[in-house]
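Single-letter residue listing:
Protein chains: 2
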Amino acid sequence: MKLVCSKDLLAKGLNTVLRAVPVRTTMDILKCVLLQADESGLKLTANDTSLGIETRIAADVRETGYVAIDAALFSSIIRKLPDADIAIDADAQNGIVIRCEKANFRISGRGADDFVYLPDVSANSSIRISQFTLRDMINKVIFSISDSDLNAAMSGVYVEVLGDSIRMTTLDGHRISVRVNELNGDYPRVSAIVPGKTFTDLSRILNADVDKEMKVSFARNHIVFEFDSTKMVSRVIEGEYFKIESMLREEHETQVTINKKEFLNCLDRSTLLINESDKKPVILDINDDEVSIRLRSAIGSMNELIPIEKTGKDLKIAFNPKLLIDALRVIDDETINVYFVKYNYPCTIKDDAGTYSYVILPVNFTEE
Amino acid sequence: MKLVCSKDLLAKGLNTVLRAVPVRTTMDILKCVLLQADESGLKLTANDTSLGIETRIAADVRETGYVAIDAALFSSIIRKLPDADIAIDADAQNGIVIRCEKANFRISGRGADDFVYLPDVSANSSIRISQFTLRDMINKVIFSISDSDLNAAMSGVYVEVLGDSIRMTTLDGHRISVRVNELNGDYPRVSAIVPGKTFTDLSRILNADVDKEMKVSFARNHIVFEFDSTKMVSRVIEGEYFKIESMLREEHETQVTINKKEFLNCLDRSTLLINESDKKPVILDINDDEVSIRLRSAIGSMNELIPIEKTGKDLKIAFNPKLLIDALRVIDDETINVYFVKYNYPCTIKDDAGTYSYVILPVNFTEE
Numbered sequence: 285m286k287l288v289c290s291k292d293l294l295a296k297g298l299n300t301v302l303r304a305v306p307v308r309t310t311m312d313i314l315k316c317v318l319l320q321a322d323e324s325g326l327k328l329t330a331n332d333t334s335l336g337i338e339t340r341i342a343a344d345v346r347e348t349g350y351v352a353i354d355a356a357l358f359s360s361i362i363r364k365l366p367d368a369d370i371a372i373d374a375d376a377q378n379g380i381v382i383r384c385e386k387a388n389f390r391i392s393g394r395g396a397d398d399f400v401y402l403p404d405v406s407a408n409s410s411i412r413i414s415q416f417t418l419r420d421m422i423n424k425v426i427f428s429i430s431d432s433d434l435n436a437a438m439s440g441v442y443v444e445v446l447g448d449s450i451r452m453t454t455l456d457g458h459r460i461s462v463r464v465n466e467l468n469g470d471y472p473r474v475s476a477i478v479p480g481k482t483f484t485d486l487s488r489i490l491n492a493d494v495d496k497e498m499k500v501s502f503a504r505n506h507i508v509f510e511f512d513s514t515k516m517v518s519r520v521i522e523g524e525y526f527k528i529e530s531m532l533r534e535e536h537e538t539q540v541t542i543n544k545k546e547f548l549n550c551l552d553r554s555t556l557l558i559n560e561s562d563k564k565p566v567i568l569d570i571n572d573d574e575v576s577i578r579l580r581s582a583i584g585s586m587n588e589l590i591p592i593e594k595t596g597k598d599l600k601i602a603f604n605p606k607l608l609i610d611a612l613r614v615i616d617d618e619t620i621n622v623y624f625v626k627y628n629y630p631c632t633i634k635d636d637a638g639t640y641s642y643v644i645l646p647v648n649f650t651e652e
Numbered sequence: 285m286k287l288v289c290s291k292d293l294l295a296k297g298l299n300t301v302l303r304a305v306p307v308r309t310t311m312d313i314l315k316c317v318l319l320q321a322d323e324s325g326l327k328l329t330a331n332d333t334s335l336g337i338e339t340r341i342a343a344d345v346r347e348t349g350y351v352a353i354d355a356a357l358f359s360s361i362i363r364k365l366p367d368a369d370i371a372i373d374a375d376a377q378n379g380i381v382i383r384c385e386k387a388n389f390r391i392s393g394r395g396a397d398d399f400v401y402l403p404d405v406s407a408n409s410s411i412r413i414s415q416f417t418l419r420d421m422i423n424k425v426i427f428s429i430s431d432s433d434l435n436a437a438m439s440g441v442y443v444e445v446l447g448d449s450i451r452m453t454t455l456d457g458h459r460i461s462v463r464v465n466e467l468n469g470d471y472p473r474v475s476a477i478v479p480g481k482t483f484t485d486l487s488r489i490l491n492a493d494v495d496k497e498m499k500v501s502f503a504r505n506h507i508v509f510e511f512d513s514t515k516m517v518s519r520v521i522e523g524e525y526f527k528i529e530s531m532l533r534e535e536h537e538t539q540v541t542i543n544k545k546e547f548l549n550c551l552d553r554s555t556l557l558i559n560e561s562d563k564k565p566v567i568l569d570i571n572d573d574e575v576s577i578r579l580r581s582a583i584g585s586m587n588e589l590i591p592i593e594k595t596g597k598d599l600k601i602a603f604n605p606k607l608l609i610d611a612l613r614v615i616d617d618e619t620i621n622v623y624f625v626k627y628n629y630p631c632t633i634k635d636d637a638g639t640y641s642y643v644i645l646p647v648n649f650t651e652e
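Protein chains in written order, with the numbering used here: chain A, 285 to 652; chain B, 285 to 652.
Just so you know, the hints here were simulated from the structure itself, not pulled from any lab data. Just so we're clear, the structure is a prediction, and the values are computed from it rather than from any experiment. Hints may contain errors.
Since the list gives no way to pick one copy over another, a pair counts as held whenever it fits inside one copy or between any two copies.
What the hints assert, rightly or not - Capping the alpha-carbon separation at 27 Å, the derived lysine-lysine pairs in DSS-like fashion look like this:
| id | residue 1 | residue 2 |
| --- | --- | --- |
| 1 | K296 | K496 |
| 2 | K606 | K364 |
| 3 | K291 | K527 |
| 4 | K386 | K634 |
| 5 | K291 | K386 |
| 6 | K545 | K291 |
| 7 | K515 | K291 |
| 8 | K315 | K563 |
| 9 | K594 | K386 |
| 10 | K545 | K634 |
| 11 | K481 | K606 |
| 12 | K386 | K286 |
| 13 | K496 | K291 |
| 14 | K594 | K544 |
| 15 | K527 | K594 |
| 16 | K606 | K626 |
| 17 | K386 | K364 |
| 18 | K386 | K564 |
| 19 | K315 | K481 |
Please work from the sequences and hints to get the whole structure.
Here it is as structure tokens:
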């Protein structure tokens, strides 16, 4: 294999596929990135067997071929080279020479025989969606997956294509996060539970440009993301997702309209009085035109009044402030509506258009 | 105590004195910042008994008094308050109320009776120097102090006032770093070994503005830094510093003039091939008009040629590249002069004006 490519393109390509290189593994070949040079350029591939990523970059290929290289070493060498053209030669014994201006590195690669190639997935159906939208949806639900291994479905994001819309749901036993977006088109219904790590990795390499589209394909055991010159194939989590419709209940006895930023900043301050050994809740005391937000712990106490618009009954209810904060941080609206039933029922933060619902369980409290 | 001050000033003042709050201590009072409100405003003080910092900020004091508050809690509350005026009230029982717009915190302070006030130091002599210059000198020698406890002097920076100039020296057994700057004035000779931590803390809070002056005062057991509204009192390290004059030798058998950036980038790349268990040196093979820089390890090998101007003998010599890199990173000159004696003698990187000298020991090497 002999090729010349730009340092910038190679570094970007490596950055993309590095997300599929496992941090810890006993299989050395999984720590490698596969370089495949053919007539159309250079393809980089990495695959941790659960998630695989390949990306193509332009390269002047003088001799086709392939070689696997330790991904961490290779990318650290490339990053430290000057911003210029890089020549990479691999011989039949997988000896690799990397040259860039005056720099000249020799390292040992390995054969590609035991490399785990990306699975050849035959998709049942696929959708097109803007990269920005998908990334935005991911970032707005990913925080409420559970990192416990007790229930695999909880560690994933439930993705549903519902004709002309797409819905993502996560839950962790204390809360449910739901986001809905329109699709440009009408697609067959399909769903998958996507591992949280796959979406975290994907959201970091997606383009933030609103106009850039991507293709998402659903297969029996896999989901495939194709964008720009990159293809990402992930296993999906097997099994049924939770039935959450009944928990997104419509009835409420109290509705509060509140300035999101004031509410968020106040809750954020309340967490200063919480320590690990003494997790006091924040108490919301909802009255006609204001909510009193207070927290008292061994460290001290705080109390703030925030103006609200309220319909329905007065209510006193307590929460772990972190759960409210997580939801408020990903809501862009300036003013939000919060729906309550009773002190021991979950509250729901949702908008009229139905683009988001955040359901949060309250906690018990006593007030002296 | 009752006062009102701006959040911004208070947060900045706290940031300054927090550097003298120890991370770990069994004495709770050392974790506190002392607030003293008098007619001229608010004074904040923290003191870990080795380093003490006090700073004054403008405040509308309605009732003079003082109180000690847990520094970490107090500063985290202040940081999360809105950007507005903050009212702080302390009652006779050291109960503290902090109010800012709608926010309202109550925390417990403590009496100041056992607070360790800054020592009242009587200076033998003092100099004036620009904050920028002092900070710049610190940053250019601090990296070669030793963190070993075997020799206290090695953990400090040796500061010498030499009439119309100031010199700073550090060494760690493998290298010596020396910086000299002119002073505006002629001062009595005086010297002190300043703890590395004091200078690290000082360099973080000094102003980067070239025109801002500060006062540095030398006392028997202390050094005092006064700038803006801040006073920092540090113990000095007792004992004699090392005699280094003979090591800053004048003789050399080879002199090399080299582009600093090319040399630095090449050495930086060579470190990619070093791992913790196999610390191979970088070999400099100095010839008439170029130096070959190479490193070979179990990971791979590298080899670069950099053009030089040379006077004197050819030489092959090996170094731990990190030591060269540390020195090159803090040299601003585009082209540098490196002086060598023999393969087993230290090299010296220095300028003609005598503002810096970096002496670096070589290591043994074998080349197959």
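Next on the checklist: Under the constraints set out in the numbered hints, which ones does this structure not fulfil?
Outcome noted: 3 and 15
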